[in-house]
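Just need the whole structure built from these sequences, with the hints factored in.
Residue numbers (my numbering), protein chains in the order written: chain A, 616 to 949; chain B, -16 to 304; chain C, 259 to 560.
Simulated from the structure, these hints should not be mistaken for laboratory data. Built from N, CA and C at the ideal position, the CB exists for glycine as well. Wrong hints could be hidden among the right ones.
If you only want the chain B side, here are some residues facing chain A, beta carbon under 8 Å, derived [what the hints assert, rightly or not]: (1) Gln135; (2) Gly139; (3) Val198; (4) Ala200; (5) Ile239; (6) Ala259.
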Amino acid sequence: MTSATATLLELEDVGRDFDVSRPWLNRVIEGAPRQLLHAVDGVSFSVRKGETLALVGESGCGKSTVARLIVGLYAPSRGRIRFDGVEISAPSASVATAGMRRRMQMIFQDPFASLNPRWRVRDIVAEPIRVLGLATEKAEISARVAGLLRQVGLAAEDGDKYPHEFSGGQRQRISIARALSGNPEFLVCDEPTSALDVSVQAQILNLMTELQARLGLTYLFISHNLAVVSHVADRIGVMYLGRLVEIADAEELFARPRHPYTRMLLDAVPDLEMSGRQRTPVAGEVPNPLSPPTGCTFHPRCPHANDRCKAEKPNLTWRGAVASACHAVEENRI
Amino acid sequence: MILEVKDLRIEFRTRHGTLVAVDGASFSIAPGEVLGVVGESGAGKSLTGTAIIGLLEPPGRIAAGEIRLEGERIDNLPYEAMRRIRGRRIGAIFQDPLTSLNPLYTVGYQLVETIRTHLDVDAPGARARALSLLREVGIPAPEARIDHYPHQFSGGMRQRVVIALALCAEPRLIIADEPTTALDVSIQAQIIQLLKRLARDHGTAVMLITHDMGVIAETADRVAVMYAGRIAEIGPVREVIRAARHPYTAGLMGSIPKIRVATDRMHAPLVQIDGAMPRLNAIPSGCAFHPRCGKSFERCTKERPEPRPVGANLAACWLYD
Amino acid sequence: MNLRALLGHDLAYSFRRSPVAIAAAVLTAICIGGALLAPWIAPHNPFDAASLDLNKAFAPPAWVAQGAKAYPLGTDDQGRDILSTILYGARISLAVGVTAVLFSLSLGVTVGLLAGYLGGRLDAFIMRVADVQLSFPPILIALLINGVARVALPNDRQDEIAIPVLILAIGISGWVQYARTVRGSTLVEKNKEYVQAARVIGRPPLAIMLRHVLPNVMGPVLVIGTIHIATAIITEATLSFLGVGVPPTRPSLGTLIRIGNEFLLSGEWWITVFPGIALVTLVLSVNLFGDWLRDALNPKLR
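Encoded structure:
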């Protein structure tokens, strides 16, 4: 890829809060305060043209929220998102924003919820074509839909059926066909294979890799599964409690993980080669995001935590091509 | 053997005809052994577990075969007799810890209730046992936690409580259906190790039902691979994982993504099995896997292979005839 | 499962296996058929002033002594044939009931969809209004709207506007149920990924509401609508019985019962009893059919 260095998407200090307070009346009666959940906090990264950036983390780490912020399903509470140099996070949706948005599409996790059960597959796949006005002639639309269905490994006649007539893997193929029908350059994939069986997951991952090579797509790939990510990602960002704790090239991250949380995630990956390595069970669980720990939010579970970690929030700092947010790494303690 | 299942057949009678969900499954589990039952959705693995616990819901029914617990047949027992066996001699752990616990009672109350239903102990004795169980499953400060409600526990801790609940009456067999699927990866390892240790310490037989080969690899002693209601391959976990004999098992193992280190070609395609698990009303003739199998030949389309010894495993495949 | 497959398989199957549903459907069909075909099958035209004959008034049913074959269910105080007035009356009852339900349904579904999808203050406002309305009995609301409308509109056109006003009154008294149900389903549907996918494509909210959400929330609405037809017919009958419904010149079943009620104690029982039986049969069969529809659809619609 010649344009591998050109930045397509850039997030700058992006944050998103959710108001999870009790209803107004309850707050008044019970005297409960307003409660904000910082789902995403101070996240910055960029995605280069043609690459796959994966975001990994456990449930509740904010990775899906980041995906939804990028495609505009949520508006960011703080920070800026730029696509191809144009800011798309501004509250007033301008013409430029809309123009940028049509260059990106999203693939969702649940193949049973992401297709309208009352629509025929051909209408589902044709929706972006119609809405974005890419074609108006009936014949042209149906030719395009047939081509898209074939491209994702389905038959053109499958367009006449309803989603419930397909298996989970086939539905995910339909989802991909819909996403591609708007001719996007950038696909946000939110756990696209985690609801699928492993043999089907392999089919979908292979299909996505193939499509990327053929169409020159750029992916943001959200997953909780490091093994899946290792097959698709060029670079990987690790998130914990709404913050990015490490970001590095995939090879580098697997060979030399910096942040203790990344190490923990890698240790928790099951050993399928049966080499006799035991998973290192990690003490503790993800804390309640409503009352995150002080300082570095990972410190209660971290074997390297000291007083500074309890008091001071670490910032993401770059060392060469790797960035991590950890005092211990910064101080060369680990 | 604690559990012996022989030629189990589970049918669903519907108005569209009879669907065979499990067909001729045979396996056994020894004391202290963990048998992993693995398969993709629709393979019939959960139904097999449900049938053993005796909780198969109509129109599902055991149409043939037998299930023996410590030599005694339990598949034809009346409801009341089966209810006494459940909890007392067979414990169950399900996927979602939240639905396994009653949100209205403290975990201590639920443990004491279960203990006193099955064992002849007084209230203080039952509470003492509940405390020791909570300690055993690794709940910190059990004296304080015993009077808490389920919602006050985190997901991983809740699953520990469910395990304690399953252990109440020292059952001989534990059926664990996707016990780690709802948990985050870092918690999964904790629960798996706990389950494995408990089985060893108590000499309990464990049937671990999961779709996750990783969980099986780390927990099970032997593994049964199910496909379309039939057992495709069964054998020691090392053998099945490293030297799969059945083409389905081999394909399944190849399709699991593994972390590759820098030297490998990272984006090399995964081994994939084309197609999908057949629906119950359209199970292919002969070997159910033949339409997706790269090695199938004519016999596979006509005759159904029975599991036969291949190395240390049993594989239902004509390649080894 | 899409609606077509549902209707094609499960509904039809469940229908064939339910004798109550079949009986209710047959009865409903007879009632609707009788009402629709009244001008052709009724032995007399009760609204043709020329055919009225006071000498024929108070004729008892045909099988009673002094009954006449020409008037199978007897005649009323004006000499009108009861069977014919019932057929024509059911026509008006059904027309008012169905139109009121359609009005109610459109209002409720629109409001519920907007409240559920847009949320925020609009939602809070609409649902508080619904709460307030629910604290009054529907019949009171209908009476109130009916009364206000009649006072506000010119006196000389009372008869002409009586029926539209009645439909409006009954319609407004019943929208809350639809709004609440649709709002609830909309809250579920709008968080499903297919709606998010449509948003990512860039469809405007109105298009998403109409094309994506609406078809997926209509199942329960149709059930409520069917049962509501029975309620609406009763409300209309009640209002007419109280004398604030349809005018006596174009009597509905309720009006007929009220007229007959005056003669009940003087022995002319047939004038009120037969319209009463007709009303009960109509309402019961529609209700039973609606109940079955609810049970048949429920397991599929969570």
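Using 8 Å as the Cβ threshold, decide whether Ala259/B counts as touching chain A.
holds, 4 Å
Should the interface hint for Gln135/B be scored as holding, given a Cβ-Cβ cut-off of 8 Å against chain A?
violated, 11 Å
Just to be careful: measuring from the Cβ of Val198/B to every Cβ in chain A, is the smallest value less than 8 Å?
Holds, because the Cβ-Cβ distance from Val198/B to chain A comes to roughly 7 Å (cut-off 8 Å).
So, as I understand it, the hint says Ile239/B touches chain A; can you test that by seeing if any CB pair is closer than 8 Å?
Since the shortest Cβ distance to chain A is 5 Å, the answer is holds.
Hey, does the Ala200/B contact hint survive, CB to chain A under 8 Å?
holds, 5 Å
Cut-off 8 Å, beta-carbon criterion: hint that Gly139/B touches chain A:
holds, 5 Å
Hint violations for this structure: number 1 only, all remaining hints satisfied.
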